[in-house]
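S.K.: Spelled out, the chains give:
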Amino acid sequence: DAGVIQSPRHEVTEMGQEVTLRCKPISGHDYLFWYRQTMMRGLELLIYFNNNVPIDDSGMPEDRFSAKMPNASFSTLKIQPSEPRDSAVYFCASSRSGGRYNSPLHFGNGTRLTVT
Amino acid sequence: KQEVTQIPAALSVPEGENLVLNCSFTDSAIYNLQWFRQDPGKGLTSLLLIQSSQREQTSGRLNASLDKSSGRSTLYIAASQPGDSATYLCAVTSSGGSNYKLTFGKGTLLTVNP
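Residue numbers (the working numbering), protein chains in the order written: chain A, 1 to 116; chain B, 1001 to 1114.
Derived from the structure by calculation, the hints contain no laboratory data. A portion of the hints provided could be inaccurate.
DEER-style ranges, computed between Cβ atoms [to be verified]:
| # | chain 1 | residue 1 | chain 2 | residue 2 | range |
| --- | --- | --- | --- | --- | --- |
| 1 | A | LYS68 | B | LEU1011 | 37 to 43 Å |
| 2 | B | PRO1014 | A | ILE5 | 33 to 39 Å |
| 3 | B | GLY1083 | A | ASP63 | 43 to 49 Å |
| 4 | A | ARG41 | B | ILE1007 | 34 to 40 Å |
| 5 | A | GLN80 | B | SER1053 | 40 to 46 Å |
| 6 | A | ASN71 | B | ASP1039 | 29 to 35 Å |
| 7 | A | SER7 | B | ASP1027 | 34 to 40 Å |
| 8 | B | ASP1067 | A | ARG64 | 26 to 32 Å |
| 9 | A | PRO81 | B | GLU1017 | 46 to 52 Å |
| 10 | B | ALA1029 | A | GLY16 | 20 to 26 Å |
The model shown is predicted, which means the values in this text are computed figures rather than measured ones. Here a beta-carbon is modelled for each residue, glycine too, at the ideal position from N, C-alpha and C.
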């Protein structure tokens, strides 16, 4: 199993530009999570999907952030327009049952976003 | 709102020492607690998952305990090795509201010196 695959690994962009982060979950996993990690705030849940349907997006900081999951093997997180305070590492994770039962979360290696 | 605290924030020990990492959470209504390891520039790797009905889980040199009523968990690492150096995070899955939301602590940065 290739694990959770995220792209790109690094993204440097200028303020005001659109940024799209991509994620391929582990095959067969029905939950997908997007997290953001910063030194100040640690890991924060932005949004999660179950069977491609967004369930909880209360962690999405602003309307500038949007996420989609068009099918079971692909999800995107988009920031438009980007701002310097969006700089962080963005992680995608997947699970068979959302962590409620004996099924741990599997994380990708993250996308390090820098907005100048 | 669930809050997870990890103490200490950083720990440095000599190789071979046994050590304990601590995690506390404010709301005892949880489904499970997980311990993760994060290496620099990498994602998180799940180490142990303890269901709310369990008291502990063991994997090799790692042992995690859970006291749900007091809102505490510990991760015990026996005979530490330099390869254990990483950041260790705990996370709880709360059973109220958004059922599948994990709340993470900020982690303990462990350095094992050869």
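S.K.: Run every hint past the structure and note whether it holds.
M.R.: These are the hints, each one checked on the structure:
{"no.": "1", "hint": "A:LYS68 - B:LEU1011: 37 to 43 Å", "verdict": "41 Å, holds"}
{"no.": "2", "hint": "B:PRO1014 - A:ILE5: 33 to 39 Å", "verdict": "38 Å, holds"}
{"no.": "3", "hint": "B:GLY1083 - A:ASP63: 43 to 49 Å", "verdict": "44 Å, holds"}
{"no.": "4", "hint": "A:ARG41 - B:ILE1007: 34 to 40 Å", "verdict": "18 Å, violated"}
{"no.": "5", "hint": "A:GLN80 - B:SER1053: 40 to 46 Å", "verdict": "45 Å, holds"}
{"no.": "6", "hint": "A:ASN71 - B:ASP1039: 29 to 35 Å", "verdict": "31 Å, holds"}
{"no.": "7", "hint": "A:SER7 - B:ASP1027: 34 to 40 Å", "verdict": "36 Å, holds"}
{"no.": "8", "hint": "B:ASP1067 - A:ARG64: 26 to 32 Å", "verdict": "41 Å, violated"}
{"no.": "9", "hint": "A:PRO81 - B:GLU1017: 46 to 52 Å", "verdict": "50 Å, holds"}
{"no.": "10", "hint": "B:ALA1029 - A:GLY16: 20 to 26 Å", "verdict": "43 Å, violated"}
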